[in-house]
Amino acid sequence: MKNDLKFSEKIKLSCRNLWKVYGEDPDHYFLNNLHVKKDPAILSKKLSNQGHIVANADVSFNVHVGEIFVIMGLSGSGKSTIVRCLSRLIEPNAGEILLDGENLLEKSEKELIEIRRHKMGMVFQNFGLLPHLTVIENIAFPLKLQGLKEKERLNKAGRVIELVGLNGRENNFIMELSGGQQQRVGIARSLAVEPDVWFLDEPFSALDPLIRKQMQDEFLRIQSVQKKSVVFITHDFQEALRIADRMAIMRDGQIVQIGKPVDLILNPKDNYIKDFTKDVPWESVLQASDIIDKSKKISQTAEEVPFDMPVAKMLPLLSKKTIGVVVVDDDGKRLGMANAQSFVTALATAEN
Amino acid sequence: MKSQILEKKTLSWIGIIFITVIFLIFKENWGWSTKYPKEFIVPFADWINFSMEKFIDNFGWFFLKISWLLSWPIIAAQLLLHSIPWVVVMFLVTFTAYLSSGLRLALFTFSAIFYMVLIGYWEESMNTLALVLISVPMAIFIGFGLGVWGFFSKRAEKIIMPILDIFQTVPTFAYLLPILLLFGFGTVVGLIASVLYSFPPMVRNTILGLKRVPDHIIESAIMSGANSKQLFWQAMLPSCKKQILLGINQSTMAALSMVIIAAIIGGTADIGWEVLYYIRKAEVGQSLVVGLVIALMAIIIDRITSGFALQSDKDTKGPGFSKNSKKNYLSFAILGSTILFLLARFFVVLDDWPYDLSVWVASHINDLFETFVKAFRTEIKQLKNYTLFFIMLPTKIGLEQAVSPFTWGFPLEMIHKIFYFTSFSALSIWFLKNKKNDIFVFIILLMIFLYFGLTRMPWPPLLLIYSFFAWQIGGYKLALGTFLGLGFIVSVGMWPEAMISVYLCGIAVVFCFIVGTSIGVWAAHNSIVSAIIRPINDTLQTIPLFVILIPFVMLFKIGDFTALLAIIIYAIVPSIRYAEHGIRNLPSEVIDASKMMGSTKMQLLFLVKIPLALPVIMLGLNQTIMYGIAMLVIAALIGTNGLEQIVFIGLTDGNMGKGFIAGISMAIIAMIVDRITKTISERRSEALGLEIK
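Read top to bottom, the protein sequences are chains E and X.
With our numbering applied, the first sequence covers 77 to 428.
With our numbering applied, the second sequence covers 87 to 779.
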């Protein structure tokens, strides 16, 4: 729709037709893939009717290089299972997981260890830190597993500790830190090995609302420097909107809709998605580019605003300048005019 | 990491090692340091004997009256159980088992009771059961009362807790001594001993249960307008029902084991006495047959009581109770008993199993074992000798004495000594260089201990080492306690025996801890291993102690080695259990996180799982030591030489003073080790911020 992608088109991680089913013996359903290809919904129903628990049913999505891909869903929707399948902490029953085009599910235990050591980093909801180690030892732990010398470990760990702003806390034990600080350690640890793919499993859900906001900003700042390919799990729709480049909403183990936050809001696929978007503060979701009035001629004198400026920040401008403002893209190309009227029109369409 | 190479702690240790070496050099000159002089022994034993005599002269009649009073309910219970046909008892117990845990336990109970009938030990079994049936309600009543008191009054708790500690750490035989003197021979001694031994778990569980009642239950009850009586009986008590039922379970098991042990003083015609009788006559086959009765009885009682406790969790295997069904069950029980009772009137077999229908398997078992022992005579002898020469003797009397042409095949010469000391020193210095100061100290001490032997070390440096170690772990209070406690043992002249006890128990504990923890770790990763180990552990934990001795006596005859094996097989259980529990219950996120960082299975185990599970594993060590000491006491029966033997002799000779002092000395050692290991575990878990479940 728009040429405002912050990430490249190259696909880093691809999840294809992934199934994870718990129960007696679900595997034989997947032996010949025919079943699955035909109609996932029917198979899913069949499985649950026979007492299986379907955690993920036919889940597919791509994560591009440098993209923040958010998977959002309520508890029990299977979002945590997905991220654990991507990293093979849980073995899926069927499907493919392609990292740089190679299927992770075909890797041996040994190869998998190497991949985890060098290509993946993960942050956990309850931090998953080792209480018997200090902050710096925790951050250097993945390097220790790789067998690096102590000096090199501390060197590398020192660099990431700066990144997350924990300087001076190196020799504290984990229990001496606040929740927010503990998660900073978790983030630093996951980045210590300089991974390509960065999994974050509800990283801020265990934190207080205020701290959560801070940590989201912090996360966006770090990501703007690091440019990892991110899979971010959350149950918080607002959080997803704030940080996602693209997002997927899950329900009952299936993906309901994938798209940019704005697309989801403007074109919800069904009532389930609509329910989430109901309470969205529109002015902070809509960007300048979303309220362009194509029918208006581009004024030469009007003030310019970047396309990704949140509408909330534009409001003072819009109230003062009756003719409106000009929206420009990264290269300075003028996309169109926006004014108070076009904002109201956009809002009205969104609310419906 | 500390940058200083030698911290204060290590320096102090070096100082202590230096003092130890001086004592070792002047060992010959300072005779008092190896053998505490007789004229300085504080005659506590005589004082106790004297005052006990005086006490009995004046108040003995009072205790004899109590004894007479208590003998009535026992006689009544015995008469009752004997007059009921076995088939009725079998029906009632089997039915109770069904109600508690369902069909499987009912079947097991049925066959177990039939076994008791079949081998012809019904009468004796009932005598034992009678004693348990009388002592358990008393213990529960006392225990519950004290528990409630301790819960509501902080001061009461402060008084009760140390008393419980004493009751649970003083060796079981030592208990019997004063009771024997006060109450005379007979079943009453067994009753009183078993009540005293079995009420502490009830107190602990009552206090624990009441403390764990959630605040919101109390608050909602108060807000509903409950007065303090209603609050207690209708809100708090029902919500800690499970813990209280667990207390009943533990008390019952303790009562049974004490009743069995009390058989040692004789005067009872119960099943424990039978086993003991056959052990002493070295008729192992028969003792095993009868010992199995005790084991079965213990398992049934344990499963039934714990079944009821688990039922209160709603995770019920048995049929459970509703108000209506309670009435139905009761009528069914009464009806069934009446019918069977009447049937037994007509068919005598159901009342009194005829002698010639009894099954005699003992001789077959004897034959079987004898063939086995004969077939593997050399292997058994080798195992025994190797353990003795290469492990037990060096620990006991040191390499200096243990190495001889007879044992190791060569005499200990200068060249060996030089090699021994240089290699150990080199190893320790390597650790010092790598900043592992504690390991450095440990290796130096090990070098000294192994060379001179635990029982040949002078006592002053040992006292110093133990106390300083306690200080490192738990501060000056623990150090002072350790010093005074061990000092007491020295001053009553029981140090040599104490060290023999420590040596035997120590080897067993080290072995149990290493092997048991490994098995536990294995079981935590392999559900098949876990499924195999669990019933074995359950059985070992429920069987009364001296039944465990029997098969080992059969194979290895009496002596230190047999005692060692018996201690190991019993004390290894908690090491396995706690290790498995600790590893299995780690926070899953930490494990996931470590896997995500690409840890191999070994890295995961040694860098993450074991360090995190360490507090629980240390609790396992604590329990292993306590179990080891409990078994050591019983092992006196098969001829060991430590404190436990003095207790045992005191019991058989009626020498209260000496036996009691030895018993207290064992309790002191047990308490010191208990505090030290618990403190290590607590400090670890505090540092980790983990809660031990």
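Certain hints may be false.
Subject to a maximum C-alpha distance of 30 Å in a straight line, what follows is the list of computed DSBU-like cross-link-like pairs (lysine-lysine) [said to hold, decoys possible]:
1) E:Lys396 x E:Lys372
2) X:Lys470 x E:Lys225
3) E:Lys220 x X:Lys113
4) X:Lys687 x E:Lys195
5) E:Lys345 x E:Lys86
6) X:Lys95 x E:Lys186
7) X:Lys94 x E:Lys227
Simulated from the structure, these hints should not be mistaken for lab results.
Violations among the numbered hints: When the structure is compared with the hints, numbers 2, 3 and 6 turn out to be violated.
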